[in-house]
Amino acid sequence: MSSTDIQKLAQSGVQAIPSVAVELPETRFRQVSRRFVKNKMAVIGLLFCLLLFAIGLFAPLLQPYAPDEITGDFAAAPSSAHWLGTDQIGRDVLSRLISATQVSLLVGFATVAIYVAFGTVVGLLSAYYGGWIDTVVMRITDMFMAFPFMMVILVVVSVVGPSLFTIIAVLALFSWPSIARLVRGSVLSLKQADHVRAAVSLGLRTPRIIRHHIFPGAMAPIIVNATFGVASAILTESGLSFLGMGVQPPTASWGNMLSEAQSISVLSGQPWLWLPAGLAILLTVLAINFVGDGLRDALDPKQ
Amino acid sequence: MIELESMPLPVSRPDTADTLLRLDGLKTYYPIRKGLLGRVKGHVKAVDGVSLDIRQGETLGLVGESGCGKSTIGRTILRLEQSTGGVIRYRGEDITHYSTSKMRPMRTEMQMIFQDPFSSLNPWMRVRDILKEPMIAHDKASSATVDAEVDRLLDAVGIPRAYKERYAHEFSGGQRQRIGIARALALNPKFIVCDEPVSALDVSIQAQVLNLLKQLQKDMGLTYLFIAHGLGAVKYISTRIAVMYLGKVVEIGTKEEIFRAPKHPYTQILLNAYPVPNPHLRGREKIVVQGDVPSPANPPSGCRFHTRCPFVQDRCRQEEPALLGGIDGHAAACHYAF
Amino acid sequence: MITYIARRLLIFVPVLLGITIINFIIINMAPGNPVDMYIDPNMSPAIAEAKKEALGLNDPLFIQYFKWLGTILTGDLGYSMSSFAPVAQLIGERIMPTVTLGLAALVLALLIAVPLGILSALKQNTKIDYLVTGLSFIGTSIPNFFLGLALIYIFAVNLGVLPTGGMQKLGGDGGFGDRMIHMILPAIVLATAIAGRKVRYVRASMLDVLKQDYLRTARSKGVHEFWVTNKHALRNALLPVITVVGLEIPILLGGAIITEQIFQWPGIGQLTLQSMMSRDYPTIMALNLIAAIAVLGANLLTDVMYSAADPRIKVG
Chain A
1 MSSTDIQKLA
11 QSGVQAIPSV
21 AVELPETRFR
31 QVSRRFVKNK
41 MAVIGLLFCL
51 LLFAIGLFAP
61 LLQPYAPDEI
71 TGDFAAAPSS
81 AHWLGTDQIG
91 RDVLSRLISA
101 TQVSLLVGFA
111 TVAIYVAFGT
121 VVGLLSAYYG
131 GWIDTVVMRI
141 TDMFMAFPFM
151 MVILVVVSVV
161 GPSLFTIIAV
171 LALFSWPSIA
181 RLVRGSVLSL
191 KQADHVRAAV
201 SLGLRTPRII
211 RHHIFPGAMA
221 PIIVNATFGV
231 ASAILTESGL
241 SFLGMGVQPP
251 TASWGNMLSE
261 AQSISVLSGQ
271 PWLWLPAGLA
281 ILLTVLAINF
291 VGDGLRDALD
301 PKQ
Chain B
1 MIELESMPLP
11 VSRPDTADTL
21 LRLDGLKTYY
31 PIRKGLLGRV
41 KGHVKAVDGV
51 SLDIRQGETL
61 GLVGESGCGK
71 STIGRTILRL
81 EQSTGGVIRY
91 RGEDITHYST
101 SKMRPMRTEM
111 QMIFQDPFSS
121 LNPWMRVRDI
131 LKEPMIAHDK
141 ASSATVDAEV
151 DRLLDAVGIP
161 RAYKERYAHE
171 FSGGQRQRIG
181 IARALALNPK
191 FIVCDEPVSA
201 LDVSIQAQVL
211 NLLKQLQKDM
221 GLTYLFIAHG
231 LGAVKYISTR
241 IAVMYLGKVV
251 EIGTKEEIFR
261 APKHPYTQIL
271 LNAYPVPNPH
281 LRGREKIVVQ
291 GDVPSPANPP
301 SGCRFHTRCP
311 FVQDRCRQEE
321 PALLGGIDGH
331 AAACHYAF
Chain C
1 MITYIARRLL
11 IFVPVLLGIT
21 IINFIIINMA
31 PGNPVDMYID
41 PNMSPAIAEA
51 KKEALGLNDP
61 LFIQYFKWLG
71 TILTGDLGYS
81 MSSFAPVAQL
91 IGERIMPTVT
101 LGLAALVLAL
111 LIAVPLGILS
121 ALKQNTKIDY
131 LVTGLSFIGT
141 SIPNFFLGLA
151 LIYIFAVNLG
161 VLPTGGMQKL
171 GGDGGFGDRM
181 IHMILPAIVL
191 ATAIAGRKVR
201 YVRASMLDVL
211 KQDYLRTARS
221 KGVHEFWVTN
231 KHALRNALLP
241 VITVVGLEIP
251 ILLGGAIITE
261 QIFQWPGIGQ
271 LTLQSMMSRD
281 YPTIMALNLI
291 AAIAVLGANL
301 LTDVMYSAAD
311 PRIKVG
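Chains as they are written, first to last, in our numbering: chain A, 1 to 303; chain B, 1 to 338; chain C, 1 to 316.
Mixed in with the good hints, there may be bad ones.
Here are the computed distance ranges between Cβ atoms for each label pair [claimed, not checked]: (1) C:A46 / A:P60: 55 to 65 Å; (2) C:A308 / B:S172: 39 to 49 Å; (3) A:L283 / C:V161: 44 to 54 Å.
Using 25 Å as the maximum straight-line C-alpha spacing, the simulated SDA-like pairs for lysine to any residue come out as follows [said to hold, decoys possible]: (4) C:K127 / A:K191; (5) B:K214 / B:R152; (6) A:K191 / B:Q56; (7) A:K38 / B:H169; (8) C:K169 / C:A150; (9) B:K235 / B:V44.
Only some residues are given here: those of chain A computed to face chain C with a beta carbon under 7 Å [to be verified]: (10) E69; (11) T71; (12) M150; (13) S158; (14) V159; (15) S238; (16) S265.
No lab work stands behind these hints, which were simulated from the structure alone. Everything numeric in this text was worked out from a predicted model, so none of it was measured. By construction, the Cβ of each residue, glycine as well, lies at the ideal position given by its N, Cα and C atoms.
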């Protein structure tokens, strides 16, 4: 408690019990962080994610070679010049791995940012206004969710043509319904809450009620869902790229690096071509999933 | 026949100058959807033709068992529920079908205190912001005066000013209810619906909150509709009392009339359920209620209470009694009122 | 319940219609006319135009849609553009391998997840619990193609105990044992992600049940701990697990595409990928529609089973 606060207290002339007044209440953020750091795996996951961000941010500085530069022998084994060897056309695997970090993070976060924003708005409006709007929106989400995810994404990509932008757009297009339904569910229950009724009877305008009195309550599940969504978007992108329907060479992506290992000779003789990229995906997705799990526990109001 | 009998009541009700709020045949039904196409197959008649007046400065207690529609009335008056029929008049102004935007200025006149102090405060806001919200929404205070207003409200309900930085979950039930009251007062309303404001609180806290409500009423000239399911709090705070059963008002009168000379058998049963403070009177013969409350989706014919009434006659099963009373305003809806 | 199922089926109609519309739009977004492939480039423009007219390609899009919908409704899925075989026949040939593989993966996933989940719950907050939970996270995080490649590397290339792919030995008789051996690796790959999720589900469900009062009652009546777990807790913990198995169907279908590709398993997934590579739109549309029906059906089945298993849940 700062001295100005004490002054204010003195000015207000209220005889507050000191022990109560001194202690500033814990903010929600601090409370959640305190719970989050108790989960060791989540903290490790978060640190790993921060490391990935750093790698993605400083990729050009960290890459020993340009990622699509032909630097040496074809498919050379790891050496002091090429820590992770070179690929079949002589590009440095480590440089490509670092460069692909940018692609994965971009796909993960851009996709989630787009569909979470869209899904949240749709879910909020659908639940708040109800009636036929709600019915129509829910039927549309039914349609989108009835498509087998991977299959329909492949169809769209094969029709529109694969590119980084297409991947992000298509993943977002088929991911928003789950967020919309999630948000709708929490809004419907919050709409019945007395504090929202109170806001209505106080004559607050609808946008303000949604923003200040409903949205904060829907935040926790959105954050958790979005975190898992990043992991799943990265996983899907790598799968698409593996099938040749995602990020196209020469741009490096962990998925398309692995797709070159489909031949038995690469698989058996040149593990540096597929093991690092595969492990990179596994560790990244694992780390994000741990963070999501930690967030879910930390944000759970029941605890 | 039945249609005729559910027409507005024949009791004479002069619209006196001191009537603040008037309900005429108010109905609130909830549709029951069933079947393949989700067609409306019936209605839960939560409020089914209620007429009453609330006078300036008084506290009208509204009592009845849970599910009798008393809370729905409160919410319907504040337009939190859409009425199905009837008229709501505030200071003579028909507000029954006001749009959200037309209703907004009315919100500064009419407010509500909720039953559950734990769910009625926004858990993501500090107390200061909870109290600021309504003032901002109605441009009631400038940024310069708003903090002083918050302090004034906290003083009024007896919450130390230093607590305004706290979140709702850091308070006890009684304190939360005080904050809920402060929020209702933020717009300087004239009329407040108190929806069972003390029933979720400890008995020791109940009296404090009731005293606060009484004090505020005196200081600010408030009018209350005080909803409760027990007679205890109502007896303490009300000037007049209305008793509800299955969506209808069965008896209305001053507190003294209701407690000394109840006319409706149902009121008598409610009074019997209420512990008698004077041990010498406890020997009084008790009327015992029979059976369960019928469903408001399918209320009994005739008098709604006939399935449980110890004095039931043939006429009660067929003919619905009107809420009839004398000049004094003490009225009961019973063919064989005491 | 019957009204509920009928109402859900009624909702399927607009949903399925919407799916066909979205499908149709996506496919018509393809650069160039999808049926340009039908037309020999050496053909004179006039003849090509006449052929387009005959195929109805010059009609407005919505007329084309209704024509296509009309033929679909008669059960005619059209002809493949690459192999010219009827689409129904193509899918018919491929459906059994996918269903077999999917069922095997589902059974395998439950066989792994149920015991591990129960163990994890009974030993809550011990090393075993952390190990199982950690493994389940790896299971849901590992990309299936990476797992597939790693398994081929270990079991087929290095140890040489299992085949690298295909459904039967080249020139083999395709007997039951041969097929089972070929199915082991793809089934493991498909099962891993499902098992990972289910372990946590079983664990949570079991923990939930273990907290219930009726178990305390059983214990206090002197029921042996073994029976408390096996008879009283297990049934109630597993019911929700089994009933939501239907929700795995879309994941199985998605996983099948990559898994069948890696292991050269001649199923629906491989057909999907092949028809996409060759832009075989009639096949793609039919596959999408069938998959959507499967997903909708699975969802409905899940809801019905869920409410049948738990009398507290009312549908309708």
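Hints versus structure:
Roughly 56 Å separates the CB atoms of C:A46 and A:P60, a value that falls within the hinted 55 to 65 Å. Our hint of 39 to 49 Å for C:A308 and B:S172 holds, since their Cβ atoms are close to 45 Å apart. In this structure the hint that A:L283 and C:V161 lie 44 to 54 Å apart at CB is violated, the actual value being about 28 Å. A hinted pair counts as satisfied when its Cα atoms are at most 25 Å apart, and C:K127 with A:K191 does not qualify at roughly 43 Å.
For the suggested pair B:K214 and B:R152, the alpha carbons sit about 18 Å apart, so the restraint of at most 25 Å is met. At most 25 Å may separate the alpha-carbon atoms for a hinted pair to count; A:K191 and B:Q56 exceed this at roughly 32 Å. With a CA separation close to 22 Å, the supplied pair A:K38 and B:H169 stays within the 25 Å bound. Taking the CA atoms of C:K169 and C:A150, the gap is near 21 Å; set against the 25 Å cutoff, the hint holds.
Proximity of B:K235 to B:V44 is assessed by CA-CA distance (about 30 Å); at most 25 Å being required, the pair is judged violated. For A:E69, the interface hint is violated, the least distance from its beta-carbon to any beta-carbon of chain C being 26 Å, above 7 Å. Taking 7 Å as the C-beta cut-off, the interface hint given for A:T71 is violated, the closest approach to chain C being about 25 Å. The closest approach between the C-beta of A:M150 and any C-beta of chain C is roughly 3 Å, which is under the 7 Å cut-off, so the hint is satisfied.
With 7 Å as the threshold, the beta carbon of A:S158 comes within range of chain C, its nearest partner Cβ sitting at about 4 Å, so the hint holds. This hint holds: A:V159 has a C-beta 5 Å from the nearest C-beta of chain C, less than the 7 Å allowed. With a least beta-carbon distance of about 5 Å to chain C, the hint placing A:S238 at the interface is held under the 7 Å criterion. The restraint placing A:S265 at the interface with chain C is violated, with a minimum CB-CB distance near 10 Å, outside the 7 Å limit.
Of the hints listed earlier, those the structure fails to meet are numbers 3, 4, 6, 9, 10, 11, 16, in rising order.
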